[in-house]
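Novice: As a plain string of letters, each chain reads:
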Amino acid sequence: MTQPPTSAGPEPAAPPAAAASPALEAHGVSKRYGFRWAVRDVTLALAPGELAAVIGPNGAGKTTLLSILAGETRADGGTVSLPAREVGWVPQQAALYGRLTVAENLRLFARLEGAEDVDGAVARMLAQTGLEERARDRVETLSGGNRQRVNVAIGLLTSPRVLLLDEPSTALDPAQRARLWEFLDELVGAGTAIAYSSHNLEEAEAHADRVVVLADGLLVFDGAPRELVAEARAGAGFEAAFIEVVRRGGR
Amino acid sequence: MRWLFLKDLQILRRSPLLVALLVVYPIAVALLIGLALSRGPDRPRVAIFNQVSPSDRTLNFGGESIDTSRYAQQLYRSVDPVRVESRERALELVRRGEVLGALIIPPDITMKLQTGLEPATVEVLYNADDPVKAQLVQDTIKSQVQDANAALTRRLTDVALGYLRLIVAGGDFSFFGRQFDVLGLGPAEQLLRGTQAELPRGSPARADIQRVIEFARVARENLDLSDEVLASVGQPIRVDAQVVQGARSATLSSFAVALAVTVSLMFVTLLLAAGTLALEREENAFRRLVRGLVSRTGLLVEKVGLAAACSLLVALVMLAGLAAFVGLDPARAPLWALAAGAGALAFAAMGAAIGALTRDVRAASLLAFMISLPIAFLALVPSGTVGAGLYDATRAVSALFPFAPSLAALRAALDGSGGLAGPLVHLLVLTLVLGAAARLGLRRFG
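Sequences listed follow chains A and B, in order.
Following my numbering, the numbering of the first sequence begins with 202 at its first residue and continues without gaps.
Following my numbering, the numbering of the second sequence begins with 791 at its first residue and continues without gaps.
I should point out that these hints are in silico values taken from the structure, not numbers from a laboratory.
Please note that a few of the clues may not be correct.
[Stated by the list, open to error] Quick partial rundown of chain B residues pointing at chain A, CB under 10 Å, derived from the structure: (1) Arg-792; (2) Ile-801; (3) Val-874; (4) Arg-877; (5) Arg-879; (6) Val-1080; (7) Arg-1081; (8) Thr-1087; (9) Arg-1122.
[As the list claims (entries may be wrong)] Taking CB as the label site, the calculated pair distances span: (10) A:Asn-401 with B:Arg-1234: 29 to 37 Å; (11) A:Thr-371 with B:Leu-811: 31 to 39 Å; (12) B:Gly-1212 with A:Glu-226: 35 to 43 Å; (13) B:Leu-1106 with A:Asp-338: 56 to 64 Å; (14) A:Glu-341 with B:Pro-1164: 33 to 41 Å; (15) B:Arg-792 with A:Asp-338: 21 to 29 Å; (16) A:Pro-284 with B:Leu-1106: 29 to 37 Å; (17) B:Arg-804 with A:Thr-371: 45 to 53 Å; (18) B:Arg-1234 with A:Ala-324: 47 to 55 Å; (19) B:Arg-1234 with A:Arg-449: 33 to 41 Å; (20) A:Asn-401 with B:Gly-1088: 18 to 26 Å; (21) B:Pro-1164 with A:Ala-376: 16 to 24 Å; (22) B:Leu-1103 with A:Glu-341: 53 to 61 Å; (23) A:Arg-275 with B:Leu-811: 36 to 44 Å.
Everything numeric in this text was worked out from a predicted model, so none of it was measured.
Backbone N, C-alpha and C define an ideal beta-carbon position, used for all residues, glycine too.
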């Protein structure tokens, strides 16, 4: 198993120095469903302004890990440093009320999240996600991509320090995906720590400061994308390196 | 929780078809049940073919006239009469189900009553396709004919008593326009004593006259007792009925209202509570809510509160509407609200437990129907129709669900049948137990 990175290099895209106080820490997080371990003894930390991609094969525990960090799923072991209310969460399946409008959904969750300026938060999210014109449309009339935008907007209502997204680019067309990454890059630039899960290795290589590779619930790699490539045999690309690391991790 | 409550109301407002079905369907079912129960026994619809001509409706006994049409009117008042002109028409109405039965009065009934040589018989026709209807018609007409018999007998007894008093005390008697002066046993006895006193002491006629005097005295004294004897002829056995359980004021109409409202309460509350909870899961919102925005218990309380509030409103509107037709006591309205509210909470907790078991709204609705209908029917099984052991089992199972105590609470609130406190406590316990079950179910919900 590869050890977590201990120092940052002079690369422009390298993660912040380890001395910076982490925005989110998880120690020994584990989750079991019956006799099967979905996540086993995972320890990681997210620094402010860092974009981490959690990747792995199907059933590796990516969604389980993120939902534990978000407070949606209760872990069977380990600790998470932040309470759920301080973490923004965007689940894979849009968690929205179809009979309510876009604005009503945002307003409801802004109130539940305890936003100080509910109307301001709603207006800001509508602007940031480009949904002002659809504010009065019921969510059930939106396309899958637009629903995902509302889903992301809900996760950002309280401008959290940490944002977790589960497969955020699924159901988005290329233009919407590009816009999403621009948006996330802006958040990272403003100091938000972001972790997202994805099956899209190209996106992980292109956008993430750090990749966390899970296999069978175990953390098999945690480091910069170039370091993952360096782990594999010479000449291997990112995808090949990923496969090799996963295979070495026991899958 | 307030925002979730408002959110659910908003969603309901935007589902007009769902709301209409949720409210109208149970009310319609409940009113049909109430209608079926309340229409039967009070005034059954009976076809009547009276062949007695107007001139033959008077009985004559020794110069006294008895108008039999007066007793026929009493019979007519106990049913909803449909006068027909022929036996065939009466038969047709019975066959078509337009009347529950038919009463055919023969033209010679007055003559037979007058002579007493043959029993006077009326013919009753009924449709036995529905045994309940058949029994109802038989019972109603039989009881009314018996009442008419008793009334006629009393009248005849009065006439007979009049004759007896005439025999005992004497007086004037009119028979077919001729006047007679009847001596009477009492005056006869006095006359004879006077005559006896004027006879010589040793006269043999004294003894004979004494015998007649004795006869007159004995007959007079015994006939004086005939009042009580004849009074009991018409009704030798009387019934003294006592209400052992339930309220004397309880009527079938108030029971039908209680049943109708309980059925509505059950359907509206169960479907709303189960459906709104299952909707959170179906919309994938449940886990987002309970990760720190709302506790599972808080969410449960909101769903139970919403369902109970909506169904209570429906129940109160129903009661207010029915009160105008059935004659409920509006002074008991606070008790209606208390009973309906307690029932609504218990049903809502049950609905939440059902919703916590299911993955989507359709499954929740189906499960709510499948569980509630058999429980309701079980609670309505009357004692005496099944064996004692089976009846106890049905009571035990019914006690585990809110239908039976809700019905009992509403009946107590409407007409004082039984106490209200017992069912209210029962409903409170069920609310807590079913609420706990729902809370347990939510642990595996997301």
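Novice: Each hint needs a verdict: does it hold in this structure or not?
Specialist: Hint-by-hint comparison with the structure:
1. Arg-792: At about 9 Å, which falls below the 10 Å cut-off, the nearest Cβ of chain A leaves the hint on B:Arg-792 intact, so it holds.
2. Ile-801: Check passed: Cβ of B:Ile-801 comes within 5 Å of chain A, closer than 10 Å.
3. Val-874: violated, 58 Å
4. Arg-877: Cβ of B:Arg-877 sits 64 Å from chain A, so the hint is violated.
5. Arg-879: violated, 59 Å
6. Val-1080: Nearest chain A Cβ about 8 Å off; hint holds.
7. Arg-1081: holds, 4 Å
8. Thr-1087: violated, 15 Å
9. Arg-1122: Since the shortest Cβ distance to chain A is 39 Å, the answer is violated.
10. A:Asn-401 with B:Arg-1234: 29 to 37 Å: holds, 32 Å
11. A:Thr-371 with B:Leu-811: 31 to 39 Å: holds, 36 Å
12. B:Gly-1212 with A:Glu-226: 35 to 43 Å: violated, 57 Å
13. B:Leu-1106 with A:Asp-338: 56 to 64 Å: Distance hint for B:Leu-1106, A:Asp-338 is violated at roughly 37 Å.
14. A:Glu-341 with B:Pro-1164: 33 to 41 Å: holds, 35 Å
15. B:Arg-792 with A:Asp-338: 21 to 29 Å: With Cβ atoms ~25 Å apart, the hint holds.
16. A:Pro-284 with B:Leu-1106: 29 to 37 Å: violated, 43 Å
17. B:Arg-804 with A:Thr-371: 45 to 53 Å: The hint (45 to 53 Å, Cβ to Cβ) is violated, given that B:Arg-804 and A:Thr-371 are roughly 28 Å apart.
18. B:Arg-1234 with A:Ala-324: 47 to 55 Å: violated, 39 Å
19. B:Arg-1234 with A:Arg-449: 33 to 41 Å: holds, 36 Å
20. A:Asn-401 with B:Gly-1088: 18 to 26 Å: violated, 38 Å
21. B:Pro-1164 with A:Ala-376: 16 to 24 Å: Once the Cβ atoms are compared, 56 Å apart, the range 16 to 24 Å for A:Ala-376 and B:Pro-1164 is violated.
22. B:Leu-1103 with A:Glu-341: 53 to 61 Å: violated, 27 Å
23. A:Arg-275 with B:Leu-811: 36 to 44 Å: holds, 38 Å
Against the hints set out earlier in the document, violations occur for numbers 3, 4, 5, 8, 9, 12, 13, 16, 17, 18, 20, 21, 22.
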